[in-house]
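Going down the list, the sequences are from chains A and B.
Residue 97 in our numbering sits at position 87 of the first sequence, and the numbers go up by one each step.
Residue 109 in our numbering sits at position 99 of the second sequence, and the numbers go up by one each step.
In case anyone wonders, no lab produced these hints; they're calculated from the structure.
The reader is advised that the hints may include incorrect statements.
In this list, chains with the same sequence are indistinguishable; a pair is considered to hold if it fits within one copy or across any two.
Claimed, not checked - Below, computed lysine-lysine pairings styled on DSS-like, alpha-carbon distance capped at 27 Å: (1) Lys74 / Lys146; (2) Lys71 / Lys132; (3) Lys132 / Lys146; (4) Lys146 / Lys71; (5) Lys15 / Lys132.
There are 2 protein chains.
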Amino acid sequence: MADYKLHCFAESGHSYKAALMLELSGANWEPVFADFMNGALRQPEYLETNEMAEAPVLEHKGTKLSQSGVILDYLSTSLGKFAPGSADERREVLRWILWDNHKMSSQVGLTRFLMNFLPEEKRPEQVIGFMQGRLKAAYTVLDRRLEGRDWVAAEHCTIADFSCCSYLYYPEPFGFDRADWPNIAAWLDRIAAIDGWQHPYDLMPGRT
Amino acid sequence: MADYKLHCFAESGHSYKAALMLELSGANWEPVFADFMNGALRQPEYLETNEMAEAPVLEHKGTKLSQSGVILDYLSTSLGKFAPGSADERREVLRWILWDNHKMSSQVGLTRFLMNFLPEEKRPEQVIGFMQGRLKAAYTVLDRRLEGRDWVAAEHCTIADFSCCSYLYYPEPFGFDRADWPNIAAWLDRIAAIDGWQHPYDLMPGRT
Numbered sequence: 011m012a013d014y015k016l017h018c019f020a021e022s023g024h025s026y027k028a029a030l031m032l033e034l035s036g037a038n039w040e041p042v043f044a045d046f047m048n049g050a051l052r053q054p055e056y057l058e059t060n061e062m063a064e065a066p067v068l069e070h071k072g073t074k075l076s077q078s079g080v081i082l083d084y085l086s087t088s089l090g091k092f093a094p095g096s097a098d099e100r101r102e103v104l105r106w107i108l109w110d111n112h113k114m115s116s117q118v119g120l121t122r123f124l125m126n127f128l129p130e131e132k133r134p135e136q137v138i139g140f141m142q143g144r145l146k147a148a149y150t151v152l153d154r155r156l157e158g159r160d161w162v163a164a165e166h167c168t169i170a171d172f173s174c175c176s177y178l179y180y181p182e183p184f185g186f187d188r189a190d191w192p193n194i195a196a197w198l199d200r201i202a203a204i205d206g207w208q209h210p211y212d213l214m215p216g217r218t
Numbered sequence: 011m012a013d014y015k016l017h018c019f020a021e022s023g024h025s026y027k028a029a030l031m032l033e034l035s036g037a038n039w040e041p042v043f044a045d046f047m048n049g050a051l052r053q054p055e056y057l058e059t060n061e062m063a064e065a066p067v068l069e070h071k072g073t074k075l076s077q078s079g080v081i082l083d084y085l086s087t088s089l090g091k092f093a094p095g096s097a098d099e100r101r102e103v104l105r106w107i108l109w110d111n112h113k114m115s116s117q118v119g120l121t122r123f124l125m126n127f128l129p130e131e132k133r134p135e136q137v138i139g140f141m142q143g144r145l146k147a148a149y150t151v152l153d154r155r156l157e158g159r160d161w162v163a164a165e166h167c168t169i170a171d172f173s174c175c176s177y178l179y180y181p182e183p184f185g186f187d188r189a190d191w192p193n194i195a196a197w198l199d200r201i202a203a204i205d206g207w208q209h210p211y212d213l214m215p216g217r218t
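Work the whole structure out from these sequences, hints included.
Next up, the structure:
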């Protein structure tokens, strides 16, 4: 039996943050498919696991944790990898994880969903255009941050990198082109070069 | 001279989280007006303080911190108030702060801005309607959480309460009516009953 179980689905960038951390840390883990697209996360059974109706959820030694940022923080301690090294570094890691939740992953996740997983006639075009404008501001902050730096929050790769990068590996269009953001592009290649890296669609189960 | 300086502005719910924490903890603090509405946060001078171009920023003993969640975490340690009491409680507090950044404050802040601080002819009506739908889902999660509980993340009031509540005290319309959410309404009254509580427009400086 696996030490860690991750309730997740392939399309979820939030899940991918935790899956990538588990995989690159060499954890003994297994995914449990959470069928978001068919509404399974809003069913009473899942709400007992996570009242926020979201993936991922991590199960470890009888504990259930949700929110990717909490899971990453927990795993960096329990696995002893990709962790901040000092109190200052811990705050810097948390700062970028919060920024990611507020300005990057939340808005990329939403925009990608609207552009790719809704029937064309139901796509709210004004919302999509508006969100793409906000995302451009987020890419600007991240690209500027990575100017002359290898990693987002420390001198080494940390859980903050896994948080900020996750949605940017997905192939569906959401208004992000690596060619426009050279520092982000180089950093995505740097993470993908870590031994054991896998694409989200290879690392997590999907509907097919 | 004050021990703590908080770069903030009255309309900013993110700033209010930190201001409320400082005030209710009895800290010796002073606000520094950050003129967001006139674009001051995008100027090079402010970007050196916070490359994320956001308020609040806390200054304390030569350290500058940004992201309200990081500031709240720092203050709960340095002031020894409204802090989680165990590792499990710390994770629960972080879980709700992350949820707030992802699903509540970020979306309330945006919706309120679009509905109240843009000229009427520039308001993107489809975006406003869409965001209000998402906010209804967020209020549902929070109201359900507060069913039979006094506080969001622990048996006592913590920084997670200050994070989640902040935007809900503002008077401008953004699609939230206390009458629809009885558990949230009772909890907002509970926080406002803490000795020293002040409304955001009284606690922080504005343009007038």
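Status of each hint after checking the structure:
1. Taking identical chains as interchangeable, the C-alpha atoms of Lys74 and Lys146 lie at most 27 Å apart only when they sit on different chains, with a minimum of 26 Å there against 35 Å within one chain.
2. Taking the shortest alpha-carbon separations for Lys71 and Lys132, neither the intra-copy value of 43 Å nor the inter-copy value of 53 Å comes in at or below 27 Å.
3. In the homo-oligomer, the alpha carbons of Lys132 and Lys146 lie at most 27 Å apart both inside one protomer (24 Å) and across protomers (20 Å), since each shortest distance falls under that limit.
4. With identical chains, the CA atoms of Lys146 and Lys71 are never at most 27 Å apart, being 41 Å at best within one copy and 34 Å at best between copies.
5. Proximity of Lys15 to Lys132 under the C-alpha cut-off of 27 Å is found in neither arrangement, the shortest distances being 35 Å within a copy and 47 Å between copies.
Hint compliance for this structure: hints 2, 4 and 5 are not met, and every other hint is.
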